[in-house]
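Starting from the given sequences, assemble the full structure and let the hints guide the process.
Going down the list, the sequences are from chains U and S.
If you're matching positions, the first sequence starts at 1356 in the working numbering and goes up one per residue.
If you're matching positions, the second sequence starts at 1356 in the working numbering and goes up one per residue.
One or more of the hints may lead you astray.
Copies of the same chain are indistinguishable here, so a pair counts whether it falls within one copy or spans any two.
Subject to a maximum C-alpha distance of 27 Å in a straight line, what follows is the list of computed DSSO-like cross-link-like pairs (lysine-lysine) [claimed, not checked]:
1. Lys1594 with Lys1443
2. Lys1357 with Lys1408
3. Lys1425 with Lys1562
4. Lys1539 with Lys1593
5. Lys1649 with Lys1408
6. Lys1562 with Lys1614
Worth flagging that the hints you see were computed from the coordinates, not collected in a lab.
There are 2 protein chains.
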Amino acid sequence: MKILITGINGFVAQHLLAFLATLPEAFTILGIGRSEPAFDNSQFAPLKIEYAKIDLLNREHVGEILQNFKPQYLLHLASISSVGHSWKNPNDSFVNNTNIFLNLVDQIRLLDIPCRILSIGSSEEYGNVNPSQLPLTEESPLNPISPYAVARVSQEMISKIYADGYGMDIIMTRSFNHIGPGQKNVFVISSFAKQLVQIANDPSASKMVTTGDLSIIRDFVDVRDVVKAYYLLLQHGKKGEVYNICSGTGVSLQQIMDKMCAFLNINITLQQDSNLIRPNDNKAIIGRADKIKKDLGWYPEISLDKSLTDIINWWKQQGS
Amino acid sequence: MKILITGINGFVAQHLLAFLATLPEAFTILGIGRSEPAFDNSQFAPLKIEYAKIDLLNREHVGEILQNFKPQYLLHLASISSVGHSWKNPNDSFVNNTNIFLNLVDQIRLLDIPCRILSIGSSEEYGNVNPSQLPLTEESPLNPISPYAVARVSQEMISKIYADGYGMDIIMTRSFNHIGPGQKNVFVISSFAKQLVQIANDPSASKMVTTGDLSIIRDFVDVRDVVKAYYLLLQHGKKGEVYNICSGTGVSLQQIMDKMCAFLNINITLQQDSNLIRPNDNKAIIGRADKIKKDLGWYPEISLDKSLTDIINWWKQQGS
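Structure below.
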C-alpha cells in the first residue's frame, strides 16, 4: 500500500504512523513536510518512511513528487488548522489549507494518477449553528465564520468538483476537535494541560490560568481514534462522500478544565483574557457520527477521561 | 470619488467607464490590468483614468498600489469568469478569482484603508438548482458545480468574513449572465452572434452553427444595466449584504438563437458538439432581483431584444 502523507511532521501524522506501525499490512510511505523531519523513523518500525521537503504551493515540485512516487493513496494532513491563527493571518491560512490541496488534486488530475484521496475538513465548517440543529449531521448547512472555516469549506467544495466533475476518487471528512498527547499548545486543551501541569509541578507558582470563553462547547475526539477513522475511510469510504468524525458528545471547556484540575488534584484561579475571545466564535458544536458508524463500523474507543489523562502525562514527560 | 477598478481592460469595466463618463460627479480612477491598456482613454472623457499593470497575486505590489492610491472605493472586476475555461484550468480559475480577491481585501485590512469594496459574484454560485426553487433569491442555497462557481462561492465567503469578522465595508453581488456589445466570443451569446453575423454577411457560407445544449435556460441581463447596479451598490448598498443582479426572466439559448436569426433574417442548421456540453451543467438559472429593487430602486432598463440587436450590430462593425 503506497501512501503519500502530507503534513508528515504534524500531530495527526505522527499518531497515524504509530497506528500504521501496529498493522500487519506492508506500507510504502512518502511523507511530505515543509521542514526537515521532526521525528526518528525508528520509533515507527517496521514502517518504511521516505521523506520529501517541499512547499505544496509549488505546482512543479508537487507534480514531480507525484509523478515519481505514484501514490495509490493520498492522506492530506498538511494544514494550518488553528482558528486563532487564521484570524491573525487569514491569507496564509487560506493558502495553506485550500490552495495546497487544490495544487495536489489538480496535479493528480493532470498526471492521471489513479489515487484515492482523503480530504480532511473540519467541524468548524458548520460555523454559526443554531442550537436546535444540534447534533450536526453531514446534511446540516455550512455557515463558516472564521477564515480557517472558509478555507476548509472551499477545500471541500473543490473536492466535490474533482470527484463529481472529473470523476476522481476523493473522500472528505469533517473532523471535530481532536485532542491527544503531542498536540501543540496553540490548541486550547493542550494549552490548558500545559499550564495546569506547571502549576501542579511547582507549588510556589501562581495559580492563575488565563483563558478565553470557557462556556464554549465542543465535541472532542481523541486523535488516536481519528487516525483509525482516516485509515478506514481510505480503504472503505464511499467516493465523493463527506463523513463527520466526532464523539457525538458536547463538553464545555469549563468541564475539561475542572476534570484536569481534579486529575492533578489542584485548585486554580481563572482569569478571562479578552484577547483570547475570537470574533464570532461558535457557542456549541456537537456532531453525529452515525454515517461513518453505519458505513465503516467506526466509533470512538477512547474516553474523554483517558484522553485528558494521557495529555496531562505527556506534558509531565515534556517537563521532566 | 477615488475608485480603484481591477480588470480595467475587461468587458464590464469598459461599459462601467462609459457609464461613469456620463455622470456629473468627478472621478479619480486607477485602473488595474494584467496587460497594457487595451483602450483609448479619450473615449471616456472627461474621466481621468490612471493605469497600473500588476499581477493581483503579488501581495507586495498590491499593497504598494493601495498604499499610494488610497482608494475610497474598490470595484473588483478582475476575474477569469468563463465556466468552460474553469473546467480546463481549474487551478488558474480558482487563483484568478478567489486568491486575487483575497490578496486585495487582506492588504486593505492590513493597511487599514477606509474603502468600500464591491465583491462581484455570480449566479453560477447557486449551481445545482431544483426547478421548484426558481426564481432564486439571495436566501436560496448555494450548490456550486463548476470550478468557477466554487471560486466565486469561496470569494463570497471570504467577503462575509472580512465584513462580519473584521468589520470591513464590503458588499457582494451575485451577477447573472451579462451580455452586451464587446463581450468576447468565449461567452455563448457573443459566440452565437459572431457566427450568425458571419453567415448573414456571406450568403455563400455554410449555414451550420455548432452549439452546446440549447435547452439551457439562463437569466440574461444587459451589461449596461449591470454597471449601473454596481455604481448604485458602491454608493448605497448595505454593508455585508449580497445582492442578486438579474432580469428575473429565464430564456433558453434556443430562444436567443431564434431571435437573433429573425433579426438577421437568416435560416441556419444547428449541430450539437458534445465538447461544448459541460459536465454537470445547470439546466435553468433564473433569479429574483427584489432585494436590489427594494434597497436601491435598481431594475433592468434594457430589453433582451435591444441587447441582442446591439450585440449583432457590434459584431457587424467588427467585421467591417
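Against the structure, the hints come out as follows:
1. Lys1594 with Lys1443: Between copies only: 22 Å across chains, 35 Å inside a chain, cut-off 27 Å.
2. Lys1357 with Lys1408: within (18 Å within a copy, 46 Å between copies)
3. Lys1425 with Lys1562: The answer is neither: 53 Å in one copy and 49 Å across copies each exceed 27 Å.
4. Lys1539 with Lys1593: neither (32 Å within a copy, 41 Å between copies)
5. Lys1649 with Lys1408: neither (38 Å within a copy, 55 Å between copies)
6. Lys1562 with Lys1614: within (16 Å within a copy, 79 Å between copies)
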